[in-house]
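Now that you have both chains on their own, put them together as the hints suggest.
If you're matching them up, the sequences are chains A and B in order. Be aware that the first sequence starts at 1, since it is given in this note's numbering, and climbs by one per residue. Be aware that the second sequence starts at 246, since it is given in this note's numbering, and climbs by one per residue.
Because the hints were derived from the structure by calculation, they are not lab data. Heads up, some of the hints might be wrong.
[Unchecked claim] Label-pair restraints from in silico Cβ distances:
| hint | chain 1 | residue 1 | chain 2 | residue 2 | range |
| --- | --- | --- | --- | --- | --- |
| 1 | A | His99 | B | Glu365 | 56 to 64 Å |
| 2 | B | Ala412 | A | Leu221 | 16 to 24 Å |
| 3 | B | Asp468 | A | Gly54 | 51 to 59 Å |
| 4 | A | Arg68 | B | Gln382 | 34 to 42 Å |
Each residue gets a CB set at the ideal place from its N, CA and C atoms; glycine is no exception.
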Amino acid sequence: MTGLTFDWAGVLGGLPLHWLATGFLTTVCVTATGAALATLFAVPVLGLRIGPPGPGRWTAVAFIELFRNTPLLVQLLFWYFVAYGLLPRGWRDWINEDHGWAALPGGVNLATPEFLAATWGLGVFFAAFLAEELRAGLLAVPKGQREAALSQGMGSWAILVHILLPQALGNAWQPLVGQYLNLMKLSSLATGIGLAEVTYQVRQIESYNSHALEAFAAGTLLYLGLSVVMESALLQFGPRRRGAR
Amino acid sequence: MIEFRGVHKRHGDLHVLKGIDLSIARGEVVVVCGPSGSGKSTLIRLINRLETLSEGEIVIDGQATAGWRGRRLQALRTRIGFVFQQFNLYAHLDARSNITLALRKVLGMPAVEADARADELLARVGLADKAGAFPSQLSGGQQQRVAIARALATRPEILLFDEPTSALDPETIGEVLAVMRELAHSGITMLVVTHEMGFARELADRILFIDQGTILESAAPADFFRAPAHPRAQRFLRQLLSPLHEAVE
Numbered sequence: 001m002t003g004l005t006f007d008w009a010g011v012l013g014g015l016p017l018h019w020l021a022t023g024f025l026t027t028v029c030v031t032a033t034g035a036a037l038a039t040l041f042a043v044p045v046l047g048l049r050i051g052p053p054g055p056g057r058w059t060a061v062a063f064i065e066l067f068r069n070t071p072l073l074v075q076l077l078f079w080y081f082v083a084y085g086l087l088p089r090g091w092r093d094w095i096n097e098d099h100g101w102a103a104l105p106g107g108v109n110l111a112t113p114e115f116l117a118a119t120w121g122l123g124v125f126f127a128a129f130l131a132e133e134l135r136a137g138l139l140a141v142p143k144g145q146r147e148a149a150l151s152q153g154m155g156s157w158a159i160l161v162h163i164l165l166p167q168a169l170g171n172a173w174q175p176l177v178g179q180y181l182n183l184m185k186l187s188s189l190a191t192g193i194g195l196a197e198v199t200y201q202v203r204q205i206e207s208y209n210s211h212a213l214e215a216f217a218a219g220t221l222l223y224l225g226l227s228v229v230m231e232s233a234l235l236q237f238g239p240r241r242r243g244a245r
Numbered sequence: 246m247i248e249f250r251g252v253h254k255r256h257g258d259l260h261v262l263k264g265i266d267l268s269i270a271r272g273e274v275v276v277v278c279g280p281s282g283s284g285k286s287t288l289i290r291l292i293n294r295l296e297t298l299s300e301g302e303i304v305i306d307g308q309a310t311a312g313w314r315g316r317r318l319q320a321l322r323t324r325i326g327f328v329f330q331q332f333n334l335y336a337h338l339d340a341r342s343n344i345t346l347a348l349r350k351v352l353g354m355p356a357v358e359a360d361a362r363a364d365e366l367l368a369r370v371g372l373a374d375k376a377g378a379f380p381s382q383l384s385g386g387q388q389q390r391v392a393i394a395r396a397l398a399t400r401p402e403i404l405l406f407d408e409p410t411s412a413l414d415p416e417t418i419g420e421v422l423a424v425m426r427e428l429a430h431s432g433i434t435m436l437v438v439t440h441e442m443g444f445a446r447e448l449a450d451r452i453l454f455i456d457q458g459t460i461l462e463s464a465a466p467a468d469f470f471r472a473p474a475h476p477r478a479q480r481f482l483r484q485l486l487s488p489l490h491e492a493v494e
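Chain B on its own, in the form it takes in the complex (with noise of 0.2 Å):
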């Protein structure tokens, strides 16, 4: 469903990503990990051109994307869910508006019902009771599962999460990660930047791992939990796991 050829991406003199080779499949789970820095943000933002390829093709569903503008451009989006690490929800907008926005200016779906999309969808997430509240009046948790029905609104057979959980407080990661979960059973494709293992153990089907630009590892989540092939990776998951028993470099 997603193919990456050779893909390079380069800001000026930094070479973010080299050569990247994957396919995923449709209905997947990825989970891409590795340090900061190592180019994993950029990886997904590809797929859906918030970033522009320097080199290389991106081929969904068998078409290169590189060279799309304007309305094919924001077709192929429409087709693709982004969730953010800082939510970025519309902040004049309350979460019902934030989801319907989409599905009125660019579907041209009448009012009623793009509402009662909306409200389905945050039943879904579980705050059906939140509809008429603004961002500022929401917690984190709330905020993230918001921008996850908003992503979800245009019904995207692609979703792409960006360290999902990274910005919010310890005690709301579950409501987002169990959210999360039940997209991973219904289907969706989807690619997850994350340093949740538990999320990664229990429902990657495929576990990237990445540094410096190129991926080092993929592998299912068994066999990289148990035995990492890369000793980057190996280093990587020692300090993930029990950072404190780690030497300070």
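For reference, chain A alone in the conformation it holds in the complex (with noise of 0.2 Å):
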């Protein structure tokens, strides 16, 4: 090999090129799906993180520290190889089955032991992250907004919905992008189940004809596209922080 010459031609056609439009169409379905999971069990988190002492929250702490404080990869391979392995005959059976509604153009397929437990296992591990990014937001508003909703009558539940929460999504909105951002490109450790997304397909490209340079820099790109235009998509229409008092 004499230098960085590109040669695209064993990349963008054929199979290699059906492999990449696979790959990027269920990176970002298991990005899509990871973070609504994710988003969906943060809420939770949050709740029991934020309520009064006591086993609710010992069981939010425990489930924050758990899953930040252990590798992803890691998580995905137990999720795949033992979690899986625990669930009811029935329910694996029935995912291993064809499920036409499930599947997507190219023949990826959304109703896969691999699938399921990348969302899964995203989801769980990025729920702590917002769950935590969230609280920090919740803590910057200022306790005084607390009490003015109190001496006017409200209710917990309605300052929290009213007062709290839309201001810590306003005060948080950056890094909880980052996160969103983070799980996407995270999502590439799934290929280490077997998940068939853009990582995945890079190398199998490479070990078909040998254009290593050429996948990864396509691969390279997809990402890249892929983070700017959730980027721009989330800060243009996420929450904005109104300045301080």
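Encoded structure:
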């Protein structure tokens, strides 16, 4: 090999192009479902974490510490190789059946053990991070506003929903966007459990025709492009922070 | 209308209020003054239960409120407006929404009606043109006037002020005091913790002087300013009215 010469023909055509396209579609899907699941899980985790001291709060703290302080790759391997095997036989059989409704163009199927383990793993891992970012955003709301709302006769739930959370979201939006971008990028680790996303497909091209340079360059550009689009969309349509007080 | 009966408040070892007995008539304007740490903020925060009693009773309209919780407590709080030193406006809402939030979420008032009420209140505090402004876009005096309008939203019978001008620049104090003067003349019951002796002299029906958790003096402004009975009150007044001439203790 003499220096950096790109030969895109081995990547942008035929089977490799098809692989890249389906890999990209898979990355987008696992990111979207993982992010949705993480957001969904973050709500009760946050609720318990800021709730009264007791078993609820301890559970939330344990959840957060466990998932934030162990490697995501190890967690994915656990969900795929250990936890999946512990599911009831009937569930696994059902997952392994053909599900037309879960099939996307290009042979991408969402009802597979790999996709489900990756979505679940990303969901619980990032729920812990999202909950902590939101909690920091909540703590940044001046305590006087809570007192003002109390003195107007508002209850705890109304205060949380109408005063604290909207401001917490505004305060924490930048770091939250960072977490959603991390989720997208770390979905590449799901290649370790055989999910056919971008990284997996890039390595497949490399072993298929040895166009490693072009394959990795294409993969990098796909991640970069997705990242830029996600970031600008999230910042554009996300809540904005109103100046303090 | 408001009655304190043997009220004590303790924060751990700290004995903040030591046996307060006090009766405030409907429509009375009472100014509460005293050195910092004397318990004057705690005194008014007990009335709308931002603080809980340690001992004694607070009776409002003939009913002891100490055990009230949930909806009953929320209903009590809608009858009492509270204005804070730091304004405490909801930072993510504009002036109008700051006022309408409780109307809609607590009283269940339809949005159109709540908006009309908010605009009427903003006009009353001289801020009709600021309905769409966010707190960060308003001066301290304007924020405090929005906060007063917000406190008035649920048509309270009692207004509590906790040092409403202490966080303001000197040139904006006047606009807030002017709104408070108009309120004092409106017949609403007011308890005002303040060091604005001009306001006290001109508008109070009664002045309470508190030190170390005890009411040392309760007098009409004329008597209080001419000849405060208690030596501690005499010294406080001297320090407040001519701080330069008071020897460092």
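Structure-based check of all given hints:
Between His99 of chain A and Glu365 of chain B the C-beta distance comes to about 60 Å, which sits within the given range of 56 to 64 Å. Checked against the hint of 16 to 24 Å, the pair Ala412 of chain B and Leu221 of chain A fails, with Cβ atoms roughly 54 Å apart. Roughly 54 Å separates the CB atoms of Asp468 of chain B and Gly54 of chain A, a value that falls within the hinted 51 to 59 Å. Evaluation of the 34 to 42 Å hint for Arg68 of chain A and Gln382 of chain B yields a pass: the beta carbon distance comes to about 38 Å.
Violated hints amount to a single one, hint 2; each of the other numbered hints is respected by the structure.
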